[in-house]
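Enquirer: These protein sequence lines are chains A, B, C and D, in that order.
Under the working numbering, the first residue of the first sequence carries the number 582, and numbering increases by one thereafter.
Under the working numbering, the first residue of the second sequence carries the number 582, and numbering increases by one thereafter.
Under the working numbering, the first residue of the third sequence carries the number 582, and numbering increases by one thereafter.
Under the working numbering, the first residue of the fourth sequence carries the number 582, and numbering increases by one thereafter.
Incorrect hints may have been included.
For identical chains, the list gives no copy identity; a pair is met inside one copy or between any two copies.
Said to hold, decoys possible - Calculated lysine to any residue pairs in the SDA-like style (CA-CA distance at most 25 Å, straight line): (1) K713 - R655; (2) K591 - G716; (3) K607 - E641; (4) K607 - D691; (5) K591 - L619; (6) K713 - Q791.
Think of the hints as simulated: they come from the structure by calculation, not from any bench.
Everything numeric in this text was worked out from a predicted model, so none of it was measured.
4 protein chains.
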Amino acid sequence: MSGAKQIVAKPMIVGQPALIVVDIQKGSFVPRPPSSRLEFMPDAVERYTRARTVVDAAREAGIPIIFVQEAHRRTMVDFGRELDGSESVHCLEGQSGTDFAVEELGMLEDDYRITKRRYSVFFGTDMEILLKGLGVQTVIMVGGFTDVCVHYSFVDGHQMDYYCRVVEDCVSGSSYRAHDAALEAMEYLQAGARRSAQDMVDAFAAIRQQA
Amino acid sequence: MSGAKQIVAKPMIVGQPALIVVDIQKGSFVPRPPSSRLEFMPDAVERYTRARTVVDAAREAGIPIIFVQEAHRRTMVDFGRELDGSESVHCLEGQSGTDFAVEELGMLEDDYRITKRRYSVFFGTDMEILLKGLGVQTVIMVGGFTDVCVHYSFVDGHQMDYYCRVVEDCVSGSSYRAHDAALEAMEYLQAGARRSAQDMVDAFAAIRQQA
Amino acid sequence: MSGAKQIVAKPMIVGQPALIVVDIQKGSFVPRPPSSRLEFMPDAVERYTRARTVVDAAREAGIPIIFVQEAHRRTMVDFGRELDGSESVHCLEGQSGTDFAVEELGMLEDDYRITKRRYSVFFGTDMEILLKGLGVQTVIMVGGFTDVCVHYSFVDGHQMDYYCRVVEDCVSGSSYRAHDAALEAMEYLQAGARRSAQDMVDAFAAIRQQA
Amino acid sequence: MSGAKQIVAKPMIVGQPALIVVDIQKGSFVPRPPSSRLEFMPDAVERYTRARTVVDAAREAGIPIIFVQEAHRRTMVDFGRELDGSESVHCLEGQSGTDFAVEELGMLEDDYRITKRRYSVFFGTDMEILLKGLGVQTVIMVGGFTDVCVHYSFVDGHQMDYYCRVVEDCVSGSSYRAHDAALEAMEYLQAGARRSAQDMVDAFAAIRQQA
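Turn these sequences into a full structure, and let the hints guide you.
Expert: So this is what it looks like as C-alpha cells:
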C-alpha cells in the first residue's frame, strides 16, 4: 500500500464493454481553422473519420454503441455557464452541424442515441440508466473535445466505477496542448486507459470470434 | 455569435460567494517527496499554508467557508476505481493525516464540513443542498490536487451553473505539469477563473467593508 | 419550533413558476378500462382534458410550459425494475400512444419537451438544467399517474428545494385510492400544494395582467 | 405484454442483499403522542425495536448493514422545503435524539453509517457509492417514516434498478393511513416487496447456513 508500489494496468476490457461516441456530429466533419478563441487540431476530421473504424468493429462484435450528441435549445436557456469561457454559441438544435453524423459514422435506426446539454455524457442524461440496462462495466470513448467532453465524461464514468478507456487517435482537442494534457489526466486516473484505434479494433475482433 | 467574438470575463464574484476548501487535511501539511507514482509539487505545504489567509479573509467578511475532507472507509469498500491509476491507498478514516486540518486552517466548531469519497466535492455529498441553502452563486476553490479534486469539482460546479474561481497560488497539483494544465482547463471553462490569493483577500476585504 | 406550531401555507406561487405536464401523451386520451393489474380512474380523460385549460392559461401568461414524455427504447433495455410490479410494458418508442399529445394539449414547436425513462421527471433528464436556466422556483404539475410519476416528481422537486404544487383535478391515478393517498402525501410535504385548475387559471390570469 | 398478464413476484432476495436502517435514531425510541401536525403510530417504538431482530439476523448472516441518520445543521441552512408542510424542526445535529441508536440497535464500530439531509437515503449521500462497492442488488429497508423516508428511499432505489424490499412490521408511519398507503405504493412498484420480519429473519438464517 505504499506510494512506491508498482502500477499494474487492469485488462483493457473488463466485463461487458460499450463504445461511447462523444459529440461526433455533422459539424465535426467540417474543418475548422484556428480562431482567436480556439486553436483546434488540424487533423480533427481525420481523427473523427478514424473513429468510424472503431464503430464498425464494435458493431461487428455486437458491442453496444451509444452515440451522444450535444444540443442546446434554440432559446439558449440551457447554456448555463458554457459561454463564460473559450466556447462561443455551439450546437443549437436545428442547425445542420448539430445533427447526428448518421452517414459519416454509419449509424443505424436502432442505435442508442443520447442528447446532452452539458459536457459530461452523464450529466442530465439517461446514460447511467442505459449502461445499467446493458450491464456495462467498461466504457470506451471516442470523440471530442478530448479535453472537455471526453475528459469530463471519463471522469464521471471513473467516479461511477466504470473501467474507462479513451481511443487516443480517435479523439481531438480544443488544442494539441490541451488534448495531450487531458490524455495524461485520464491515464493518471486509470493506468492503461489510453489505447489506439488498432488496439481496440483488434480486441473487438477477438470478442467477435469468441461469440 | 462568431467564434472570433472577444471573450469578456464575468466579475470575479457574482452574487453570494462561498469558499470551498478542497481536501486540505492534516496530511497536506506533511511534505511529500516525489515517488515513483506521483511527482507532487515541492511548495505544496507553502500553498496550503497560504490558503489560510484566504480562509481568514472569508471569515472576516462573513463569507461561508466549506471544508471538504476526502475519507475512505477502512474496509476500502468505497475506493471504486481510484486505485486503478497513479494514486495508491489514501485518506483512510482513522488515519491521522485524514483528519480535518483544524488548527492549521483555524477551523471553528460551526464551520461547514463535508466528507467525500470521490474526487468531486459534489459527488455523493450534500454540497449542492448546502450551496442552495446558502444561496451561493460563486464558488471559490483552494486545495488539492489542482488537477484532480479541484479541477473536477470546478467542472461539476461549472456544469451546475455556478460561477467558479480557483485561487491559483493556494492549490497544488500531482505535478507542476498537471497543475498548470488544470489551471488552463479551468480558465478555458470560465474566463477569469484563475485568481491570486491577494486578489481574493482584497475582494473579501471590500465585501467586509460594504457589510 | 414545537410540533404543535400552526402550519402556515406558503403562497401558491413563489418567484418564477413553470408548468410541468407529466406524461400526458397520446395514449392518455384513450379510455382504459380497469384491468387485473390496474384499476385506473374512469374520469382520467376528463382530467387530462382539463389540464389543457391550465396549459392555455400558462401560455397566455408567458409562464414556461415543460411537456414531459415517458418513452422506453424498443429493445426494452431501459425498463429497469419497472416491470416487477403492477405495470406492464408501456410507452415504447414508436408506438402511437407514446407520442406527445401535440394536438390535444395545443403544443407548439418551441415548447420545452423532455423525454424520460423513469417515473420522476428529474431522473436521468435535463429537467434541472432547464429549471435553473429558466430561474424557476415554483413547479406546478398536471398529468399522471398522480401516485407514481406525479408524486415522485413532486418529491424530487421538493428535495431539490422547489416550491411544488399539484393541480388535483388535472391529475389521474392508477386507482382512486392511490390517487387520494398521493395527494395527501404531497400536501404533507408542502402545505397548500393541492390546488384546483380554477385556482391556477385565476393565478395565471393575474400574472398575465401584471406583466 | 398485455396489461392482464399475471404479476409474478421476483425472489425476495436477488444477488447480494444489504439491510438499510432508515432513520432509526435515539429519538425513535421515545414514544411520541399525536400532535396537531402528526398523528404518528402508537406502536412505533415496538416496530423499531422489532427491527433489531432483523439487524441481528443480518449481522449473523454476514449481510452488510447500513445505518442511516437524518441530521440537519444547527444553522438550519439545509432544511430546504422540509418545514413547508407537516413536519416541524427535527433532527438537529447535537440534539440527543438525532444520534445513531447505537445501543438500541446493537451497532458496532465498523458498521456502515450514512448521514443524510433529505428524505431519500440516496439524496446527497454516498449511498450509491457504498452499494456499488458492496455489489448490492437487493436493498431491504426498515425504519421510518414508512410514508416519507422509507417510501422515497424505496422509490429512488427502484429507479436505480435495485430490488427493493420493505419489512412491513419494522417500519412506522406519520399515521396509520399514510403508512398503509405507502406500503401499497411500494408493493405496486415491486410485487412481493412487502415482507415480514419473520420472513426476513428466516431468509437471513438460510443465507447464514449456506455460507
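Enquirer: Mind listing which of the numbered hints don't hold for this structure, in increasing order?
Expert: none
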